[in-house]
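Q: Listed below are the residues making up each chain.
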Amino acid sequence: MISSIIMASVVIALSFAVLAWSQFRTSDYAENYGVTTDAEIARLKERLTVEYISHNGSSGNIRVYLLNGGAIDNVTIQNVHVNNDSWHEDFPSPILIFLNHTTIPDQALDRGEEGYLILPCGNLTAGTYYFVNILTERRSLFDSGFVA
Amino acid sequence: MIRDLLPRKIRFRRSSKGVSTVIGTIFLVLIALTVATNVFLWTFTQNAAYNQAVKERSQMDADLSSERVVAYNTEYSVSTGNVEVTTTMTAQGPLSAQIITVWVTCKVGNDIKYGSETVNINLTSGDTITQPITVTVPGALAVASEFNGWLVTARGNRVPLELKKVEEIRIADVSLGIGAISMNFSNFKYFEVVGGILQNYPNGTSAFELETGKDLVLAVYLTNYDLLNRSIILSSRSLLWAYFPTSPGNNGEWYITNVNATTGAIVSYSDITLAYGQSKWIFFGKERLQPPGGIAGAVNLILLGTIGSEEYGQNIPFVSIYVKP
Numbered sequence: 014m015i016s017s018i019i020m021a022s023v024v025i026a027l028s029f030a031v032l033a034w035s036q037f038r039t040s041d042y043a044e045n046y047g048v049t050t051d052a053e054i055a056r057l058k059e060r061l062t063v064e065y066i067s068h069n070g071s072s073g074n075i076r077v078y079l080l081n082g083g084a085i086d087n088v089t090i091q092n093v094h095v096n097n098d099s100w101h102e103d104f105p106s107p108i109l110i111f112l113n114h115t116t117i118p119d120q121a122l123d124r125g126e127e128g129y130l131i132l133p134c135g136n137l138t139a140g141t142y143y144f145v146n147i148l149t150e151r152r153s154l155f156d157s158g159f160v161a
Numbered sequence: 002m003i004r005d006l007l008p009r010k011i012r013f014r015r016s017s018k019g020v021s022t023v024i025g026t027i028f029l030v031l032i033a034l035t036v037a038t039n040v041f042l043w044t045f046t047q048n049a050a051y052n053q054a055v056k057e058r059s060q061m062d063a064d065l066s067s068e069r070v071v072a073y074n075t076e077y078s079v080s081t082g083n084v085e086v087t088t089t090m091t092a093q094g095p096l097s098a099q100i101i102t103v104w105v106t107c108k109v110g111n112d113i114k115y116g117s118e119t120v121n122i123n124l125t126s127g128d129t130i131t132q133p134i135t136v137t138v139p140g141a142l143a144v145a146s147e148f149n150g151w152l153v154t155a156r157g158n159r160v161p162l163e164l165k166k167v168e169e170i171r172i173a174d175v176s177l178g179i180g181a182i183s184m185n186f187s188n189f190k191y192f193e194v195v196g197g198i199l200q201n202y203p204n205g206t207s208a209f210e211l212e213t214g215k216d217l218v219l220a221v222y223l224t225n226y227d228l229l230n231r232s233i234i235l236s237s238r239s240l241l242w243a244y245f246p247t248s249p250g251n252n253g254e255w256y257i258t259n260v261n262a263t264t265g266a267i268v269s270y271s272d273i274t275l276a277y278g279q280s281k282w283i284f285f286g287k288e289r290l291q292p293p294g295g296i297a298g299a300v301n302l303i304l305l306g307t308i309g310s311e312e313y314g315q316n317i318p319f320v321s322i323y324v325k326p
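These protein sequences, in sequence, are chains A and B. Be aware that the first sequence starts at 14, since it is given in our numbering, and climbs by one per residue. Be aware that the second sequence starts at 2, since it is given in our numbering, and climbs by one per residue.
The shape of chain B in the complex, shown without the other chains (with noise of 0.2 Å):
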């Protein structure tokens, strides 16, 4: 047995001499994971910060183009050196916005002057603030013209400052694209009065068909879109006028009332202001409805006072209306 041993013990001494290659051939397995590993690992926590940073630019991105502000009724008023902005502004984006530049532009002669404030403004979704700005622009005079101006949000948008609200501009509901007042045509109320108390007070019943003999408060719904946004005082010589063509005669007059908003009972007149873009029920009355029933009639507005610092008269032909038999 020991016999048959020995020439294999005295193989594998003769053989010693592969160890080195099996050694190298180890380390170099060992050398080759271990760099290949290195540099996949390295390589691959690189990547994945690259793409995180690609991800964040996009969502800069997307964050940019979603900040939706405007800024509209934008006035301008100038002194010496300064420029006072008057505007509104809104985030109707699904973000909220910071305010941080406020720019104007303005002429003086042939120069441009401009000059910039920063501000701090800011605005949750769905915001509406007003607020006056006074910008320095070095060189503006009072005789200054053509402004211009913007808002730098901290994302970076650049909002321009606009005179009117862009879903204002609807000619239909102006009368005839004339006038500063335009009246909600779906709108026009009547109320019985009884005892000085407006029936049925506020709702109202539609004032197309009426009957006569009663004594009536008529209603219609204004709103002022004066295009130099000033506000509109009505006088107490405002009044809705009703022309029968088949009866002259009995012609209508409701003159322009104050009712209490609680109550509904006539009180005694005091001017009513309309301000820029204010939307308000106006009342006219009481009068008696005189025609015979089964005719119509054509209704004005007839509207006096001020707007702004100057006289105002407006008349719209507005409504027909129809007496019931």
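So here's chain A without its partners, still in its complex pose (with noise of 0.2 Å):
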């Protein structure tokens, strides 16, 4: 009798005991997968616009004009890849300036804001067309390109 009592209350404390580590695992399951999803729907919302990019033949800098059309705020830049058959240039997290010429203080651009970078490419060769993607911290990729 009495060890079906001790019995009982083993099973019911080590039940207790994986009821709340299940649940403790449930809950990193869904905070993980809520994380995941509110990240893609966050990457759904974003768009960029290319206005316009310019080259200047003699600094060797283009401006890539940029435009948040998308649905959130927030939206930084984590890499800009300029490209072309032959060559190819990385700009990890350009600074973002607004088209008044003043650094933008949270490097981000929320709905309907405009801005620009700076990207230094040097010499680039006359007639040539680049692609430029822009890559976001939330992995939207967006692509471009211009006439040297």
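Because the hints were derived from the structure by calculation, they are not lab data. Backbone N, C-alpha and C define an ideal beta-carbon position, used for all residues, glycine too. Keep in mind that the hints are not guaranteed to be accurate.
Between beta-carbon pairs, the in silico distance windows are [as the list claims (entries may be wrong)]:
1) B/Asn123 <-> A/Leu148: 27 to 35 Å
2) A/Tyr46 <-> B/Val23: 31 to 39 Å
3) A/Tyr46 <-> B/Pro95: 37 to 45 Å
4) A/Asn69 <-> B/Asn48: 45 to 53 Å
Dock the two chains into a complex; use the hints.
A: Printed below as a string of structure tokens:
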């Protein structure tokens, strides 16, 4: 009789422990799943429009003018990749500048905001088409191009 | 009876060891249910949120492709560092549109200069707005050439600034593709004049067949399609000339005239201005139709005046007429 009570108590205690552990694991999984889903949702809402790309032959700089035409604020640029068939260059975390030439304080474009990046590309081949790939922190990729 | 029950009680006490198994099973089922329910509900909620985001994205894409803004009749004028762009913007699609930026590029020597201007122009569906916009273009000079421009909408569409409205390029409308003025061939009317008043005004009667011996005012419907968007001012020398090969002595000349738009009365002539893209009824006469009936004639439209700041002259051999017997 006593052994049965002890056994039952142990089973109850163990069961509560397993319940608590499974709840923890479930909430952990749910949190991860939620983070992933939220990131995907945020990524879906991102849209950057390249308004214009200018190339200054004497300085070698290109300016990429951007508009956040999406439905989410705080679009930050992680990397810009410029390339053609025989050349490529990466520009990690380029500085975002407002159209009035002041640096954007939070380095992010909110909805409807416009800004530009200066990318020192050096000597590009005149008359050649170059591709520009812009990667955001949320892992969205936007493509454009220009003729040097 | 009691004796019969005693062994069962003893058996129950002996089998109470299985209670822990039952409790464990119940907890196991409880745990499984709790975990499954939590995961299911959470996943369901997250999927719903994701689907909603996908729907919103699809709607954004649909709006982006449905937004149709056109900009035409664009004119550029440049002063040092500034380019003034005058353009006509129309929202042709089903959606309203907000223009947020105007871009201009131009060539100075071998360099391309560019600039943008932030604007806030709102167009509801069907709206047409003509607006001058001054864009700061560093390095732009009066000698700049090869202008190019575009608008950016809040949705991210880029709209090119067209010099011409595409549907206006209709060669057949312009007499043989020559000249700045075209006439609508299906609209050629006459009015009999009695006491200086046009009868049946403003409807008139088709003028391809006319009755001789009557005082007539002839009317044509002209449109200014000047390639450089200039206004045309028609002087009093402009006339409509009818030539009858079989009765050359009865050629007729109907000089341009003004008609009171309300009463239909002929009034003293003042220069008529035809702005770019404008269509207008132009009246000629009064003059009596002289030739005998039963003959055909050719009609020429002789237009004189100024186009912009330059002299202008155009001769349109446009219709044939028949004089009824």
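Q: Each of the hints needs a verdict: does it hold here or not?
A: Now the hints, each set against the structure:
no. : hint                              : result
1   : B/Asn123 <-> A/Leu148: 27 to 35 Å : holds (33 Å)
2   : A/Tyr46 <-> B/Val23: 31 to 39 Å   : holds (34 Å)
3   : A/Tyr46 <-> B/Pro95: 37 to 45 Å   : holds (39 Å)
4   : A/Asn69 <-> B/Asn48: 45 to 53 Å   : holds (49 Å)
When each numbered hint is compared with the structure, no violation occurs for any of them.
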